[in-house]
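Asks: So the sequence lines, in the order shown, correspond to chains W and P. FYI, my numbering numbers position 112 of the first sequence as 112, with every residue one higher than the one before it. FYI, my numbering numbers position 253 of the second sequence as 253, with every residue one higher than the one before it.
Be a bit skeptical, because a hint or two may be false.
Any copy, or any two copies together, can satisfy a pair, since identical chains are not distinguished.
Subject to a maximum C-alpha distance of 27 Å in a straight line, what follows is the list of computed DSSO-like cross-link-like pairs (lysine-lysine) [claimed, not checked]:
1) 185 / 162
2) 74 / 225
3) 20 / 185
4) 113 / 158
5) 214 / 298
6) 284 / 74
7) 249 / 179
8) 196 / 298
9) 280 / 185
10) 55 / 152
11) 158 / 225
12) 288 / 189
13) 179 / 139
14) 162 / 15
15) 225 / 214
16) 214 / 281
17) 247 / 298
18) 103 / 71
19) 185 / 225
Treat the hints as calculated values from the structure; they're not laboratory data.
Number of protein chains: 2
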Amino acid sequence: MDLLIVGSIAFDNIKTPFGKVNKILGGSAIYSSIAASNFVRPIIVGVVGEDFERKYFDLLKKHNIDVSNIKIEKGKTFHWEGYYDYDLNIAHTVDTQLNVFLKFNPQLSSEAKDVKFVFLGNIDPVLQLSVYQQVKNPKIVACDTMNYWIEKKFVQLKKLLKKIDILFINEAEIRQLTKEYNVIKSARKVLSWGTKIVIVKRGEYGVMCFYKNKIFVLPAYPLEKVFDPTGAGDSFAGGVMGFLAYKLKNNNVLTEQILRQSIVFGTVTASFCVEDFGIKKLYKITYKDILQRYREIKHLVHFEMI
Amino acid sequence: MDLLIVGSIAFDNIKTPFGKVNKILGGSAIYSSIAASNFVRPIIVGVVGEDFERKYFDLLKKHNIDVSNIKIEKGKTFHWEGYYDYDLNIAHTVDTQLNVFLKFNPQLSSEAKDVKFVFLGNIDPVLQLSVYQQVKNPKIVACDTMNYWIEKKFVQLKKLLKKIDILFINEAEIRQLTKEYNVIKSARKVLSWGTKIVIVKRGEYGVMCFYKNKIFVLPAYPLEKVFDPTGAGDSFAGGVMGFLAYKLKNNNVLTEQILRQSIVFGTVTASFCVEDFGIKKLYKITYKDILQRYREIKHLVHFEMI
Chain W
1 MDLLIVGSIA FDNIKTPFGK VNKILGGSAI YSSIAASNFV RPIIVGVVGE DFERKYFDLL
61 KKHNIDVSNI KIEKGKTFHW EGYYDYDLNI AHTVDTQLNV FLKFNPQLSS EAKDVKFVFL
121 GNIDPVLQLS VYQQVKNPKI VACDTMNYWI EKKFVQLKKL LKKIDILFIN EAEIRQLTKE
181 YNVIKSARKV LSWGTKIVIV KRGEYGVMCF YKNKIFVLPA YPLEKVFDPT GAGDSFAGGV
241 MGFLAYKLKN NNVLTEQILR QSIVFGTVTA SFCVEDFGIK KLYKITYKDI LQRYREIKHL
301 VHFEMI
Chain P
1 MDLLIVGSIA FDNIKTPFGK VNKILGGSAI YSSIAASNFV RPIIVGVVGE DFERKYFDLL
61 KKHNIDVSNI KIEKGKTFHW EGYYDYDLNI AHTVDTQLNV FLKFNPQLSS EAKDVKFVFL
121 GNIDPVLQLS VYQQVKNPKI VACDTMNYWI EKKFVQLKKL LKKIDILFIN EAEIRQLTKE
181 YNVIKSARKV LSWGTKIVIV KRGEYGVMCF YKNKIFVLPA YPLEKVFDPT GAGDSFAGGV
241 MGFLAYKLKN NNVLTEQILR QSIVFGTVTA SFCVEDFGIK KLYKITYKDI LQRYREIKHL
301 VHFEMI
């Protein structure tokens, strides 16, 4: 029932049209592991600085997250500062301080190497590959990426994409990755490289999932107030991978229906994330809250046959 | 089984990344009536110039469209020229020649006045109101509008919105209309003005439909090649209204399920429109083709409950 998650652990300064916060806990590994912990026990692989106080470890442990693969290094924790205007789909970066993340070289514990489900959060594809190679016999491996790595580490990223089961990527990024404007053509290209499932994130418009020659489309859960979109993509991926790890734990086969359900769980989990700053709301919700929105979104897209 | 449609009849010059055409039949009344004619007999109310040859009337008549309320005036038919870049969501207008449309003053025949279903295509709200007032006892009245009228004729448009059942509007326009960024809040505002149903068009991302305190969301039918988006919104509205006019002809009540189904029919009809220039593909398809995509889109959004 474990899910290995590698990614960034950060302190963020965030400004949105609705307010401003400083030095709040963030990073892809944090959002995705809290999201996934509604379904399974996530094991975070990451690095923090000496300023990462004990209370943060406690906070993660309380949420059923294994922190024994988080390394504490001399120096400061990774820091990101950014803001959003009314178009909350676009994050404007003001400052990035890699700090201890600069020398991050993930080394998995023997327990972590045995994990069957792996989410390689958005970090250098070289590190993603390193983690991938350390895991002994994974059942499902997913990864996320971003424009920076597509530009700077295309060869390594493509090498990774050949091996993995699921790619989480946003619309602009898959266009950049494949040099195809049409998203369906883009996704087909990535599938032809070897990735088994491509999930394209379209922000407030939801997601499209491509596998074999099939497509699943799901709108986002409609919200009257999106407060802070930071972590939406990571909590989406965490929800998807958490549900898959839970559902396939007894060697069940990944069916089309389980895949579709996992995407609904991811969508619903992410909808809570964006309703408050950082992990504030995501941390508080329970599986019951998630199930409630799962039912609502089912009704939202329902229509009868003719 | 009739549907009254008022709107523009035009000759368009269109350029997309995939080609260029000159003087092709277009306009909101043309697209929406061809779309609707798969379900009912549309009656177009409009104006054309002396250059509108007999072959165009024949073409419409052949598609089960009543042209007896199209007036021929001295001068030239309305002309629009525009182009699209790779982001096919945005139409760039190069030239608009109103011509005979400048003095358009719709006068309904007695038959037209008795029609129960009305689509007021995107024209001056003053003319939309005039048509609305001429129809004796309509059952469902829908309208479309655009940024120009929101800016120039806000008072008249708001007067119309109080009276009608369905507003078709795109995302940017409803934000402009309501001065609300969030689309859900925007739609709620329009509902509070008196419009019963608000359908927000989101281009390649599909539609959101708001009624009472409920929401229906449907993605667009996924296409690998969008050739020419001209007329997508109008053929969508034509499909919705055509199905509603057909389904409610025997005094049936507009249920939530019928409304949702009509939106699926609109979506599917519009998906054919954008696959070739102008009305080329839309003109050729049959109800059987529409039904086929209805079934596909049903599968596309399907997922099982937990």
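Asks: Against this structure, judge whether each hint is valid.
Replies: Results for each hint:
{"no.": "1", "hint": "185 / 162", "verdict": "within (17 Å within a copy, 43 Å between copies)"}
{"no.": "2", "hint": "74 / 225", "verdict": "neither (40 Å within a copy, 53 Å between copies)"}
{"no.": "3", "hint": "20 / 185", "verdict": "between (39 Å within a copy, 23 Å between copies)"}
{"no.": "4", "hint": "113 / 158", "verdict": "within (23 Å within a copy, 64 Å between copies)"}
{"no.": "5", "hint": "214 / 298", "verdict": "both (20 Å within a copy, 13 Å between copies)"}
{"no.": "6", "hint": "284 / 74", "verdict": "neither (31 Å within a copy, 70 Å between copies)"}
{"no.": "7", "hint": "249 / 179", "verdict": "neither (37 Å within a copy, 49 Å between copies)"}
{"no.": "8", "hint": "196 / 298", "verdict": "both (26 Å within a copy, 23 Å between copies)"}
{"no.": "9", "hint": "280 / 185", "verdict": "between (38 Å within a copy, 24 Å between copies)"}
{"no.": "10", "hint": "55 / 152", "verdict": "neither (36 Å within a copy, 58 Å between copies)"}
{"no.": "11", "hint": "158 / 225", "verdict": "between (37 Å within a copy, 26 Å between copies)"}
{"no.": "12", "hint": "288 / 189", "verdict": "neither (38 Å within a copy, 31 Å between copies)"}
{"no.": "13", "hint": "179 / 139", "verdict": "neither (30 Å within a copy, 50 Å between copies)"}
{"no.": "14", "hint": "162 / 15", "verdict": "neither (37 Å within a copy, 39 Å between copies)"}
{"no.": "15", "hint": "225 / 214", "verdict": "between (33 Å within a copy, 17 Å between copies)"}
{"no.": "16", "hint": "214 / 281", "verdict": "between (34 Å within a copy, 24 Å between copies)"}
{"no.": "17", "hint": "247 / 298", "verdict": "both (19 Å within a copy, 25 Å between copies)"}
{"no.": "18", "hint": "103 / 71", "verdict": "within (11 Å within a copy, 76 Å between copies)"}
{"no.": "19", "hint": "185 / 225", "verdict": "between (33 Å within a copy, 9 Å between copies)"}
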